[in-house]
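**Q** So you can see what is in the structure, the chains are spelled out below.
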Amino acid sequence: MYDKEQARKVHEEKERWEETTVQKALSRFPERYEKFTTISGKPVERLYTPDNVVDLDYFRDLGFPGEFPFTRGPYPTMYRGRLWTMRMFAGFGTAEETNERFKYLLAEGETGLSIAFDLPTLYGYDTDAPEAEGEFGKCGVAVSSLRDMEILLDGIPLDEITTSMTINSPAAVIWAMYIVTAEKRGIPRRVLGGTIQNDILKEYIAQKEYIFPPEPSMRLVVDTIEFAANEMPRWHPISISGYHIREAGSTAVQELAFTLADGFTYVEAALERGLDVDAFAPRLSFFFNVHNDFFEEIAKFRAARRIWARAMRDKYGAKNPRSWTLRFHAQTAGCTLTAQQPENNIVRVAIQALAAVLGGAQSLHTNSMDEALALPSEKAVRIALRTQQIIAHETEVTNTIDPLGGSFYVEALTNRMEEEANEYFRRIESLGGVIPAIEKGFFQQEIADAAFRYQLEVDAKRRIIVGVNEYVEEEPLEIPLLEMDPEGYDRQVRRLQELRRTRDNREVTRTLHEVREAARNGKNLMYPILDAVAAYATLGEIMGILREEFGEWEEPVWF
Amino acid sequence: MNTRSAPSVEELITAALAGDRRALARLITIVENDGEQARAVLQRLYPHTGRAHIVGITGAPGTGKSTLVNAMAREYRQRGMTVGIIAIDPTSPFSGGALLGDRVRMKDLVGDPGVYIRSMATRGSLGGLARATDDVVLVLDAMGFDRILIETVGVGQAEVDIASSAHTVIVVEAPGLGDDIQAIKAGVLEIADIFVVNKADREGADRTFMALQTMLGLGPRTVRHHGRAMRVDMPEGTHEGWRPPIFKTVATRGEGVPELVDAVEQHRHFLEESGEMARRESERAAHLLDHILRDALMARLLERVPEGNFEATVERVAAREIDPYAAVEHLMHEAALEAE
Amino acid sequence: MASSRKVRVLVAKPGLDGHDRGAKVVARALRDAGFEVIYTGIRQTPEAIAEAALQEDVDVVGLSILSGAHMALVPKIMRLLKEKGLNDVLVLVGGIIPDEDVPKLKALGVKGVFGPGTLTTDIIAFIRRELNLDTEEAPKAA
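For the record, the sequence lines run as chains C, V and A. The opening position of the first sequence corresponds to residue 753 in the working numbering, with each subsequent residue numbered one higher. The opening position of the second sequence corresponds to residue 6 in the working numbering, with each subsequent residue numbered one higher. The opening position of the third sequence corresponds to residue 15 in the working numbering, with each subsequent residue numbered one higher.
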């Protein structure tokens, strides 16, 4: 991008500057650290100049928004046309309570739903299962059957909004419940818009909410991708997620590389099923973390778009430009929030959210300041949403596209991200691919190492966390906590028991048998699951059949 | 620990022999930590030992040893036998701490009163592990566990050392760990009584199986004799020799495990019938005695040598001031232990 | 012969929550502080945790719970530990624990509660203090 001769001159001049002006200053005022690094531990130079990005080719590496390789943005007008979707992840207690929270959020200006399910639901257990003890409604809403889903979505215009559901192992069943709820209200499935997370690979790698071994899990994912390709043109059947990889302690480049490697694995699995790449690739979506290191994060998003576009076009032969485009949801980093001085979290979230916007996110969740203490209160959620609205309407950063493009530092970081991600792809390849690498504990080990290194840096005060290892205050702060309906659990269990008594149990048995048959004979499981859900078979019953057929996975331990 | 009320060793032994698992756990700690009390415990328990069949399970990391141990224990429980498990992981040479993670793979055994699992760190160096393992085996044996399964670290000398602690040694292999043949290390081949190709549902399992078969089939059969594996050419079918069988298992699903356990029992039978058991027992006894005697003599010596002299002698040897043989003579003299 | 005593710590994650970053980081830090750490993995039942604590004869039990289920799980674990005679084990809880629950956990016998942002050095110092490790001159047999 820069004239070689000029870059060489800049390089020489930079050396001169280092040796003279900088040296003089250093002899009087040494720098604060001997080495400066990104939060991921990557070295950062004192100054970035054209010679750091001398090989950058504008057309090859950056291009224009909405055009290959999409480094500057997936859409031609970006936020000048339409702001990102402000999508707040919410859910707790019973379906009734969460339904109320959804209506509140929509009234406050939220533009898309995002459903958090409780742990029993995430593991495919009904609320009254013995394994679910103590977990009801804690991290999200409990949905054990179609009945709960109907209550959860009551009064919500499913044909107007889009809904994101954070559900993985049981994604097919929960999605089926959503579809049946809409269809019973007369809304056909083809108009429904939204996303199921459905990214099982990152569960093995990071979040550990897996149930089945990798192989049958991948089969379920491909079943849903195939179903979406055939029946649900507006739905994203998977949200390939780096968020949890980062929360588990990875570096930015590990998040980037592991997420995209997962993405390639899904593409290859769908191709193996015989699907046409352009039939499903446009509906793949991504979900990234947005952490504290402002520029590193922005570079990560830009590199992600470029790597994906290149691979989809050049490696997988996609023809449709929409197959090349990486679109992503971002969430501010829960792991950066502190229990100490929780109001400081508002500031952290604001800065992270700004990085997501400057990185070109399509939708965004901002965390609430009290999340390191408990489930977010209504007030804390509102402040988090207002943070997005302030960025959208008051800062004017939305006026132009990719405003940091061309920054020597950001472009150099973007290049380095891509190079280092490619290096990881090679290592994963040499282990035999993503699933063998999971079985060998490669990702788990890499992440655990990075998490431990980071903690040691914090312990040693090499990294300052305000309010944690510096600027510590003893005075506790009163944070109003969310009060959950104390009767909620009993009501949910009663509803479940009544359902099991009053539904047509012959139909339940028949449809569950069909699910088992499909699990065995390899036919797409979505269809029998839809039938079972419609017959009010519970989540635990359907997943129970699959547990019997597929077995359960236990990971080897890596520290 | 000083925060604990300490029942006497005698009380603990009585309680443990009566089935108190808490007391058993504390006895193992005492034995593992060594010292005066440990000696007292082992002396008291020794008459109760000698009934358990001791199985060592070794193999490289990633072969699924823990899962196999888990599956074998379940199989033994179904056959009505009780099982003690010792799962060993390495101690960090830098901190002296350890991360012991084998229990993760043994979740389904936890509520079973017929199973007792103990994680151990390698701690000391040079035979210290073998000594501590033997001692803990004695405790579990005295408590009446029918079978004791020892899962080794799977690396280094410990893999071979298991041969002197166990009656039956199972060497575990798995496909996809790199070069088929290279994975089977020298020394390990000789100590195996039974081979297992675990993860047999994986690609490459047949290759690993055949590689093993080839190595065993073409090579001379081996018989262990006086603590050393000896290569003996022996006509096929003679019952003086035990031809190590190879099994395929999928431990996560329990596949092949009943057959494996049958083979362990057959091996036990063979040991008894052939008189090999008696040989191995005296081998184990010699080994045990050897360890205890060395430790006792060393302790005696250090007691008698004036403080600091041992270290000083080491330094002099390192500085080439004296040779190690002269150093030993000198130390023996100081301790008044020299030959009369 | 000099005897050696090692502090043994059980690190466990009860309940369904699979977020094991904190548990693993703490396990590793404790190992590097010279402790023997028995890690039991995720999705542990209270029964399994209490039984493992017993079989492993640990000095410390560290529980990591981020799901909010601590008020259901911890009382049960404490009860089972007592039933098994493990009255003198030092129990610590780490995770997302609202301030108002801290006194309740302490009343159950939990000695330390550590929230997000806790330095591992603080946890190690706490254990050393509670077990009187720094005041002892020479370690004695158990």
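Since the hints were derived computationally from the structure, they do not count as laboratory data. Among the hints, erroneous ones may be present.
Below 20 Å or equal to it, Euclidean Cα-Cα: the simulated PhoX-like pairs (lysine-lysine) are [as the list claims (entries may be wrong)]:
#1 Lys120/A to Lys96/A
#2 Lys794/C to Lys1213/C
#3 Lys756/C to Lys766/C
#4 Lys112/V to Lys120/A
#5 Lys112/V to Lys90/A
#6 Lys776/C to Lys766/C
**Q** Honestly, which of those hints from before does the structure not fit?
**A** Structure breaks hint 4 only.
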